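Read top to bottom, the protein sequences are chains Z and B. For the first sequence, this note's numbering gives the first residue as 1, with consecutive numbering after it. For the second sequence, this note's numbering gives the first residue as 1, with consecutive numbering after it.
No false leads were mixed into what you were given.
When the alpha-carbon atoms are kept at most 30 angstroms apart in a straight line, the in silico BS3-like pairs for lysine-lysine are as follows: (1) B:K289 with Z:K331; (2) B:K35 with Z:K371; (3) B:K126 with B:K235.
Here are some chain B residues pointing at chain Z (derived, C-beta under 8 angstroms): (4) V22; (5) G36; (6) K259; (7) E260; (8) D264; (9) A265; (10) L267.
Sample of chain Z residues at the chain B side, in silico, Cβ under 7 angstroms: (11) S13; (12) D278; (13) N332.
The set of hints was computed from the structure by calculation and includes no laboratory data. Computed from a predicted structure; not experimentally measured. Backbone N, C-alpha and C fix where the C-beta goes; we use that ideal spot for every residue, glycine too.
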Amino acid sequence: MTESNNKWEYAPSLESTSHIQLKERYDLFIDGKWVKPSDNRYFSSINPATEEKIAEIAWASDADVDLAVKAARKAYTEVWSVMKPSERAKYIFRIARLMQEKARELAVIETLDGGKPIRESRDIDIPLACNHFFYYAGWADKLQDAFPQRNIQSLGVAGQIIPWNFPLLMAAWKIAPALAAGNTVVLKPAESTSLTALKLAEIIEASGLPAGVVNIVTGHGDTGAAIVNHPDIDKIAFTGSTSVGKLIQKAVAGTAKKVSLELGGKSANIVLEDAPIDQAVEGIVNGIFFNQGHVCCAGSRLYVQESIADEVVRKLKQRMESLYLGNPLDKNTDIGAINSKEQLQTIEKYVEIGKKEGADMYQVTCELPAKGFYCRPTIFTNVAQSSVIAQEEIFGPVLTVQTFRTIDEVIQKANNSPYGLAAGVWTDKGSRIFNLTSKLRAGVVWANTYNKFDPASPFGGYKESGFGREGGLHGLEAYLK
Amino acid sequence: MTAQNTPYSTIPTSPTIDKVGVEERVARFQTRSIKGPAKMQGLSMVLSMIDLTTLEGKDTPNKVRQMCYKAQHLHDVQEGLPTVAAVCVYPSMVAVAREALKDSSIKIASVSTAFPSGQAPFEVKKMDTQFAIESGADEIDMVISRGKFFAGEHNFVFDEIAAVKEICGSKRLKVILETGELASLDQVRRASDIAIHAGADFIKTSTGKIQPAATMQVTYTMLMAIRDHFDRTGKMVGMKPAGGISTSKLALHNLVMVKEILGDAWLSNEWFRFGASSLANDVLMQYMKQVTGKYQSVDYFTID
Chain Z
1 MTESNNKWEY APSLESTSHI QLKERYDLFI DGKWVKPSDN RYFSSINPAT
51 EEKIAEIAWA SDADVDLAVK AARKAYTEVW SVMKPSERAK YIFRIARLMQ
101 EKARELAVIE TLDGGKPIRE SRDIDIPLAC NHFFYYAGWA DKLQDAFPQR
151 NIQSLGVAGQ IIPWNFPLLM AAWKIAPALA AGNTVVLKPA ESTSLTALKL
201 AEIIEASGLP AGVVNIVTGH GDTGAAIVNH PDIDKIAFTG STSVGKLIQK
251 AVAGTAKKVS LELGGKSANI VLEDAPIDQA VEGIVNGIFF NQGHVCCAGS
301 RLYVQESIAD EVVRKLKQRM ESLYLGNPLD KNTDIGAINS KEQLQTIEKY
351 VEIGKKEGAD MYQVTCELPA KGFYCRPTIF TNVAQSSVIA QEEIFGPVLT
401 VQTFRTIDEV IQKANNSPYG LAAGVWTDKG SRIFNLTSKL RAGVVWANTY
451 NKFDPASPFG GYKESGFGRE GGLHGLEAYL K
Chain B
1 MTAQNTPYST IPTSPTIDKV GVEERVARFQ TRSIKGPAKM QGLSMVLSMI
51 DLTTLEGKDT PNKVRQMCYK AQHLHDVQEG LPTVAAVCVY PSMVAVAREA
101 LKDSSIKIAS VSTAFPSGQA PFEVKKMDTQ FAIESGADEI DMVISRGKFF
151 AGEHNFVFDE IAAVKEICGS KRLKVILETG ELASLDQVRR ASDIAIHAGA
201 DFIKTSTGKI QPAATMQVTY TMLMAIRDHF DRTGKMVGMK PAGGISTSKL
251 ALHNLVMVKE ILGDAWLSNE WFRFGASSLA NDVLMQYMKQ VTGKYQSVDY
301 FTID
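Build out the structure end to end from the sequences listed, making use of the hints.
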């Protein structure tokens, strides 16, 4: 044979950061203007892949939130609620187009700020965020068609609090339907990932959207609390942890505020013995390792039918070894950095619990970068339903694997959780899909795929995963009386 | 290995294949970054894996001689280029190729078993193979009986492959599934499993006469069959996508797929080949672009 030059490595390919424009310090976006925080407090946003500071972000106080709500109320009463819906649509379309134009910059900033691989922010987060604006722009002047036999009325001022796992996408999920339905917005991004929301504020500024229609107030939990407790807010939309969701629910009890909560999950991914095994393995990987497992609907509980369990686990380990972990800006990277040091510690705590509980752990053998917050993709086999790691949301790249014998058994076990956000079913048989999807108590059930999102498709949970739906017409209805 | 001691019935059940999932997986292989030294190494590997092919009714001895010369002298203005792995011809041209290649390390692959349709009596197929080997072929590229496969006579397909392998002896046997006719990925997977268990040294997608030929989805499905066989038995089987791979980019994407599914061990022409007639020149053009920084006109690359 002529040549057996076996070892072949890909070329590192770092996405350039030279084209992005970031300020050293960001103020609050209130009433169409950039406003300094009233008590002049700022906090740092860190790149989790390098632990370097990227920018300083304003920390909004109660007074700042009040200013933002007043601006939103004024814009609602005087401009946005009385504007022709077709005019509102034009603004939303314009925001969508401007986002598309800046897609590359937004993707790079999302990756710098949050640690997710550039492949994901470029191919998934940003395009989906744009699509949400496009989708809801289309509905803005067709609300009567969307909800016939109904007197269409917007709610007023919406207070929106979003998480750090899909920063721009979550902002889009919240802002686009609210605007399309005729509401104005006060949005608080998560403290570790405010930058793309602030870039969105710049885009909104450039779009000429009337002042006060969208206000972005950055800050920590106290800023969020100020929004939740503000008396002149008509609707609270929150995506985040179940514990904070419960606090919000208590805080709004007895008020007239409408609420939608999209909270945690411990979603079951179920592989039956007739499944397309190699594609199911891809789906398992995509279900739990997508965005380092920082996905509320992550398929973190794997149930495999016993007859194929060994094969699935073997193939899963093999596939995990072919994942590239490293610099999130590298186009080859499949697994990026954990979003924050705190989250890394939480994940590591659960990994320790898993080991103590006696489950068998397997971690990818790759090297971790010297700096930054990284976690090896991890699976635990020999896990019981009663193991802590199989019950609590870890929000990281950690999968528990259990086996089952019959379909009734797996339905019972999958539903045996305080959560009910999503589930996955892998089988070649259509009848089994329909049987399982109708019995699984989860907001979204995917069949032979996982983590698929579309603006037209509603998303939301059962039980402690929250209530209310986002996306599609359901998402629009959440912003109407 | 004979049909008696590895009967068809011992082949494990083939897994079902979800086409949508395969398409998604395949798209991921196309986003890996291959540039600079990685590209040079990749292009060089591609050249060394080519089975330079002419399979036409109008093939003449001189056409074959010229191709054999090209196989040994891909682009002599550039030093350090490998030769292709093999030339691939009809049985009637094997003797011509043997004489042209003399003691070169380049292998001679001959198609056989009434290529491309395989619609001939079993005895004829065996004679066809025997003739190619006696004429000096190092490797045999046989076609499976797709008609029998569709009629459900998988046993027959299995036995035929096993019988041809028996004639081949130590010569390596590539089994062409003609995936463009098999149509579904489930069928491709089953045919792969049958061929591997019947003794194929290589499984090959297509004859090049039917479209679509070596799509990445099909090659992926066959690579997974090889992977599963290796995991079960520890035995390596080679892969040859053929037909439709005419650009460097597609060839490199194929190598990415091989690397990530089977590992670096398969990245040599002992275990991976491209069946192609026009791929070599595109790779040479890309290679010279890397060396000189400029694209050169097609007129600087010979078309034997």
